[in-house]
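S.K.: Chains as they are written, first to last, in the numbering used here: chain A, 1 to 164; chain B, 1 to 528.
Treat each hint with caution, since some may be false.
Said to hold, decoys possible - Below, a sample of chain B positions facing chain A; criterion: calculated Cβ distance under 10 Å: (1) 25; (2) 32; (3) 34; (4) 298; (5) 302.
Hints listed in this document are in silico derivations from the structure and should not be mistaken for laboratory results. From the three backbone atoms N, C-alpha and C, an ideal C-beta is built for every residue, glycine too.
Here's the letter readout for the chains.
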Amino acid sequence: MSKKHIIASYSNTQTFLLVALRLLLGWYFLYEGIVKIANPDWSSYGYLMDSQGFFAGIFHAMAAKANVVAAADWLNKWGLTLIGLGLLLGFLTQYALFFGMLLLIMYYCSHPPLASVTYLIPQEGSYLWVNKTLIEIFAMALLMVFPTGQIVGIDRFITKWTKK
Amino acid sequence: MKKDNKKQEIASPNTSAQQIGRRDIIKGLAAIPVLGAFSYAWLRKNNIDETYRKNMREVVNLTSQPVELAPSVKEGKPIRIGIIGFGIRGKQLMRAAGFPEPTWIDEQIKAHAENKQNTNYQDYMEQEQLNIEINGVCDIFSVYSREAAIAGSNVNREGAAGKMGKEPRQYKTYLELLDAPDIDAVIIAAPDHWHAPMAIEAAKRGKHVYCEKPVSWTVPETYELVRVVKEKGIVFQLGHQGRQTESYTRAKEAIDKNVLGKVNLIEVCTNRNDPNGAWVYDIHPEASPSTIDWAQFLGQAPYHEFSLERFFRWRCWWDYSTGLNGDLLTHEYDALNQIMNLGIPGSVASSGGIYFFKDGRTVPDVLQVVMEFPKQDLSFLYSATLASGRSRGKVIMGHDANMEISDRLVIKADPESTQYKKKIEEGLIDPNTPIYSFTPGKKGADGFATATEQYFASRGLLYTYRNGLRVDTTHLHIKEWLNCIHAGIQPSCNIDRAFEEGISAHMSTKALLENRRVFWDADKQVIV
Ligand SMILES: NC(=O)c1ccc[n+]([C@@H]2O[C@H](COP(=O)([O-])OP(=O)(O)OC[C@H]3O[C@@H](n4cnc5c(N)ncnc54)[C@H](O)[C@@H]3O)[C@@H](O)[C@H]2O)c1
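Given these sequences and hints, build the entire structure.
M.R.: Below is the structure:
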């Protein structure tokens, strides 16, 4: 058995808290995805256009292209939903975490909470550099190095089946 | 941490793939209940939202179906059209009627090539053909006359390299055009001081008329026009294309169903903040006394020597213009007349001044008009500036709810409403969230070009939606006129509505210029 299959041994409390964190993030992603799927009028256009900061130019250019917006819409709707399901069920957890972080990094880059900017899209609090998105990115990074899918999750079966 | 040192592991290394134990199943699927909880929460939330919407539908029971597209213009013998005036508006009208300038088509194709988001060209090519022929054009500026003839021959809506049809005849005077036997109907888009004289002569000859707003420049010609149109029985449409705006149809329904309760105050406005919006239009490089028939431009206007400024920016002088009253108030007034059947006000007061554009103009750039409708217990307030872009919607204030209309329509209940008192107390209605809102059209952004265009769009003057398609309201307005000609009936902005529009605007101007409150004597049908 190769080394990468060995999973850290956690205490009950550690497992409980790590899994709980994973489930909370999963819930959060799943809801964000489902809401968008359920709303036929939802589009990432406004969000992209609202971008500010260093990368704003890139996001505005994306918004200007109808096919890019369509792709971004699709990726957000299904990406968020699948990532959410992955985290909730512990299914392909490491991939879900990876792509989830990727999405969050995009969100962060498009809407950095800089001192000098205000956004049209309402923010629920007032932030300086550090916001909810950034904290979530680090929470997910943490879950990547302390994986739990193979303990509580469908990944448990996958590891067994793929193991020779 | 002593007690807690029982280690968690995945299935022990020596169990094989085939041997998934009970323990594995329980642990592997341990998170499924969370998914169940999620589904439960999601359904419950949907349920609450749906109950709220259902509740709202009971309170505000407005049609949820989009306004139907009117049937296509009858096939068979086309209606033969003449156009008088091919300036800014004449070009738009011809385009809306299906005869674009080839250069405009090329521009739209190029705009789409540069920005795929801009679908003006595609939208335009989907515009229905109206089964008309352009047989005559008349513009007293020779450059525009030529351009009108070319547009009139663009039967296939092609660019400059495309194949054109037969060119319509160019007439030197509007009377010659009106006398032509191969013209059944005319579109009038000359300056304001020409509307009524041209429409009267057309009607006298039995030609149907689509006349740009405002209906008239003087009070007496307004009566004369009504008389001739009725006597001759021609089909008359005044050019308030807002009549075709979907949100106005909804607004009317809300008023008719008493969603707002008693309405005592209406506030409408104009806010623009660029030279173009203040009528300082470009002067064409080829314009000169030899390319412009100045005497014909003047018509009944007081004599003035040739002036390029006056020719292109005629809206700035009372000599040809009807000021903010005729140019922009009329759009707002007609919208409300459509929604609430206002009729002619009992009295009008007005004030304003030339406060920003001190460029020699005689018409104000800031204007207030207050119309009183005593029969309806209602004040109508119009407030305009051409030097600030702070936009204010059309707001209809009722005792039970208020309605704000732009290209969207939003209705909010009043916290002190009588009609909704019980529902508000029961928490079924929240006065802070709309009890009804309506946004026509498709998602995403529109490729609107200029600030002025956006201004028009937000006021429903540019596009409306039919079956989810973006349609030019002017196109629909012309189409309605043509359908009425075929059916022998009068359209939505008929001569009666035109009379109300004209008299209301004239009362406003009179009140402003004479610096007094002006009254309407409904029995004698005169302004006093
Ligand atoms: N419904 C709308 O939304 C809307 C929008 C713009 C303009 N309008 C109306 O359209 C009318 C025209 O406005 P515009 O902006 O196109 O002005 P414009 O000055 O650009 O065009 C007027 C045209 O009429 C021509 N003309 C003048 N006198 C003539 C005559 N005696 N015979 C033939 N042609 C003559 C001029 O050469 C000019 O080309 C105005 O009354 C305006 O109120 C309506």
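S.K.: The structure should be examined with respect to each hint, and the outcome stated for every one.
M.R.: Each hint tested on the structure:
1. 25: holds (9 Å)
2. 32: holds (7 Å)
3. 34: holds (5 Å)
4. 298: violated (48 Å)
5. 302: violated (51 Å)
Going down the numbered hints, you'll see the structure goes against 4 and 5, while the others check out.
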